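**Q** Chain by chain, the residues:
Number of protein chains: 2
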Amino acid sequence: MKIYFAGSIRGGREERTAYQELIIHLKKFGQVLSEHIGDDKLGINGEKGITDTKIFKRDIEWLNQCDLVVAEVTVPSLGVGYELGRAEMMQKPVLCLFNTTKGARLSAMISGNAVFRVAVYDHIQAAIEEIERFVHDCARTCDAL
Amino acid sequence: MKIYFAGSIRGGREERTAYQELIIHLKKFGQVLSEHIGDDKLGINGEKGITDTKIFKRDIEWLNQCDLVVAEVTVPSLGVGYELGRAEMMQKPVLCLFNTTKGARLSAMISGNAVFRVAVYDHIQAAIEEIERFVHDCARTCDAL
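Residue numbers (my numbering), protein chains in the order written: chain A, 1 to 145; chain B, 1 to 145.
If you are wondering where the hints come from, they were derived from the structure by calculation, not from laboratory data.
Remember, predicted model here, so these are calculated numbers, not experimental data.
Errors might be hidden in some of the hints.
Note that the list lumps identical chains together, so a pair holds whenever it fits in one copy or between two copies.
What the hints assert, rightly or not - Calculated pairs, DSSO-like style, for lysine-lysine (alpha carbon to alpha carbon, straight line, at most 30 Å):
hint	residue 1	residue 2
1	Lys54	Lys102
2	Lys41	Lys102
3	Lys28	Lys2
4	Lys28	Lys41
5	Lys54	Lys28
All chains should be modelled from the sequences, with the hints used to inform the complete structure.
**A** See the structure below:
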C-alpha cells in the first residue's frame, strides 16, 4: 500500500513531532511516499537543493501513485489544502486529522466537505486509532487496496 | 465578470485590510462573489449563522460560477489552498498575490505550479497593478470574458 502523508512545512513546523509519530505508525501499513514531512531537520524554509517546480511535480506524482491520503490539518497550510483539493479530484480516500487542543479552528472547506473523513483528536494515540479504522475501512471498500 | 476572491479566515485575519483593498479594486471589474472575505467584522472563527457544510457548498458553487480567481496567499490557509486545487481542476485563470514583507515563504505547491500566475508584492499598489495586468490578459485570452 502506498500512502501520501500531508503536513505543513512552510506554513509552520509546530506539529512536526505529531507528523513523525503518525508516519511511524503509517509505515506499518505500507510505504509512506512523503516520509520527509516528519523530518526533524526540515524547517519552515522547506527542502534544500530542489526547486519548487520539482517539489510540485514530485508531490503531484506521489499523490497520483498513492492508494490513500492522511493529512494532519492542525496547522493551516496552503500546500496541504491544495493537495486535498487535488486528492479529491483524483478520488483518493482522504483522512484529515485535527488536534483540538491547539486553539485553532478547522477550515469549513475541509470540515464542511462530506467527501473527506475528518477526525478530531486530543492526544496522539486517538489519532493513531483513527488511522487504524481508516486503513481498515479502506481495505474493505477500496478496489485499489 | 464574476470574480472569486480567496483569502484566509480561520488560518488568521492578519491581512484582512489588504483583502479589503484588493476587493474594492476588483469590484471595478465586476462582481466579487466572496466579498465577505474582506469584512472587518469577520474574525478567525469565521461566519456566524451558517454551517460549514453550507459554506463549503456555497463556495464551490461560487468557484464554479466565477470567470477568474484572485487569491491573496500571504497567510497560510487550508481553505485557500483547497480552493486553488479545485480552481485549477475547473480550469479557472488564477492569480496568487504574495506579500514578501511579512517574513513568510510561499508553499512550493503554489510557487512551483506553472498553471498559476504568482505575483509577489511589497505594497498594496503593486498588488493592484498585478490585478490590472491579470484581468487585462484574461480579457484578451479567456473565452469566458
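**Q** When the structure is checked against the list of hints, which entries are broken? Sort them ascending.
**A** none
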